[in-house]
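Protein chains in written order, with this note's numbering: chain A, 847 to 971; chain B, 699 to 856.
In short, the hints are calculated from the structure, not lab data. Misleading hints may appear alongside valid ones.
[Stated by the list, open to error] Computed, partial: chain B to chain A, Cβ under 7 Å:
#1 R709
#2 H712
#3 G713
#4 A748
#5 T839
[Said to hold, decoys possible] Quick list of simulated restraints, FRET-style, between CB atoms:
#6 A:Q891 x B:A823: 36 to 44 Å
#7 A:P928 x B:P844: 42 to 50 Å
#8 A:I875 x B:S738: 33 to 41 Å
#9 A:P926 x B:A799: 21 to 29 Å
Each residue gets a CB set at the ideal place from its N, CA and C atoms; glycine is no exception.
Each chain is listed here by its residues.
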Amino acid sequence: MTGPLHGVVVCHGDVAGSLIGAAEEISGIRGVLTAVSNSGCDRGQLEDRIVTAVGDRPTVVFVDMPSGSCLFAAMRRVSPMPGAAVVTGVNLAMLLDFLFHRDMTAAEAAARAVETATRAIGVRP
Amino acid sequence: MSIIAARIDDRLVHGQVVIGWGRPLEIGRIVLVDSEVAGSPFEQELYRMAVPAGIEVEFLAADTAAVRVGELADSAERVLVLTGTVQGMVHLARETPKIRAINLGGIHDGPARREYLRYVYLTPAELGDLRELAAAGVRITAQDLPTAAPIDLGTLSR
Numbered sequence: 847m848t849g850p851l852h853g854v855v856v857c858h859g860d861v862a863g864s865l866i867g868a869a870e871e872i873s874g875i876r877g878v879l880t881a882v883s884n885s886g887c888d889r890g891q892l893e894d895r896i897v898t899a900v901g902d903r904p905t906v907v908f909v910d911m912p913s914g915s916c917l918f919a920a921m922r923r924v925s926p927m928p929g930a931a932v933v934t935g936v937n938l939a940m941l942l943d944f945l946f947h948r949d950m951t952a953a954e955a956a957a958r959a960v961e962t963a964t965r966a967i968g969v970r971p
Numbered sequence: 699m700s701i702i703a704a705r706i707d708d709r710l711v712h713g714q715v716v717i718g719w720g721r722p723l724e725i726g727r728i729v730l731v732d733s734e735v736a737g738s739p740f741e742q743e744l745y746r747m748a749v750p751a752g753i754e755v756e757f758l759a760a761d762t763a764a765v766r767v768g769e770l771a772d773s774a775e776r777v778l779v780l781t782g783t784v785q786g787m788v789h790l791a792r793e794t795p796k797i798r799a800i801n802l803g804g805i806h807d808g809p810a811r812r813e814y815l816r817y818v819y820l821t822p823a824e825l826g827d828l829r830e831l832a833a834a835g836v837r838i839t840a841q842d843l844p845t846a847a848p849i850d851l852g853t854l855s856r
């Protein structure tokens, strides 16, 4: 895998497209994140969508749920790829941070994404 | 009769099955009949991740599933039987009379398939097999979630 770090967001329904749209609107950074939806496809077709979106670039795959069809497809096809990593529980804070911090490996970016997303969750006074 | 549902869903064990059906129907065991998954510890581990505490999950190969499904049908457990293909469920229903109703839950587009609902696409051969089962007395309906109205195969394919 060669080239700059890229992100693929895999979610149920229209969630991925909406998250990416919001992240791009806030950051002004476009063309780094690709949306994949699980709508209207079976397991094999979803895997194909993810593999196509990843291509041969170093990639972090952001998945919505910690189980389910999106994660299963990502783990089946992306986990074996060197230069790619899978993260669950995608949120907007995670994606925004990723857009500004891509000068690292996919594994490092994935670990950072988890830290960022976790910090973004909390009960505020 | 403890086969609460027999569902065809090409995504196998996923949110709609576990949350959408599992909770309201108080399913205690999901039986996935799929030879590929039954032979792969990695695949099984993935699907176990989708199942919450309180629901058992069991993986059966297609050629040996009928006996076990028959046993479970006579047990007190509330069981959801799942296959990923029409062919798999038709085979199972032909092998065991315990499958008296089939839910078409998620059969997506593919070669030679025609759309009947947004979540049900069938080839002529698949439709023919299902009609044959229906004629033999198996109730076949399409229903993605319990909150949706079931649509009988005859209405669906008219």
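Verification of the hints:
| no. | hint | result |
| --- | --- | --- |
| 1 | R709 | holds (5 Å) |
| 2 | H712 | holds (4 Å) |
| 3 | G713 | holds (5 Å) |
| 4 | A748 | holds (4 Å) |
| 5 | T839 | violated (20 Å) |
| 6 | A:Q891 x B:A823: 36 to 44 Å | violated (20 Å) |
| 7 | A:P928 x B:P844: 42 to 50 Å | holds (43 Å) |
| 8 | A:I875 x B:S738: 33 to 41 Å | holds (39 Å) |
| 9 | A:P926 x B:A799: 21 to 29 Å | violated (39 Å) |
Hints 5, 6, 9 from the earlier list are contradicted by this structure; the remaining hints agree with it.
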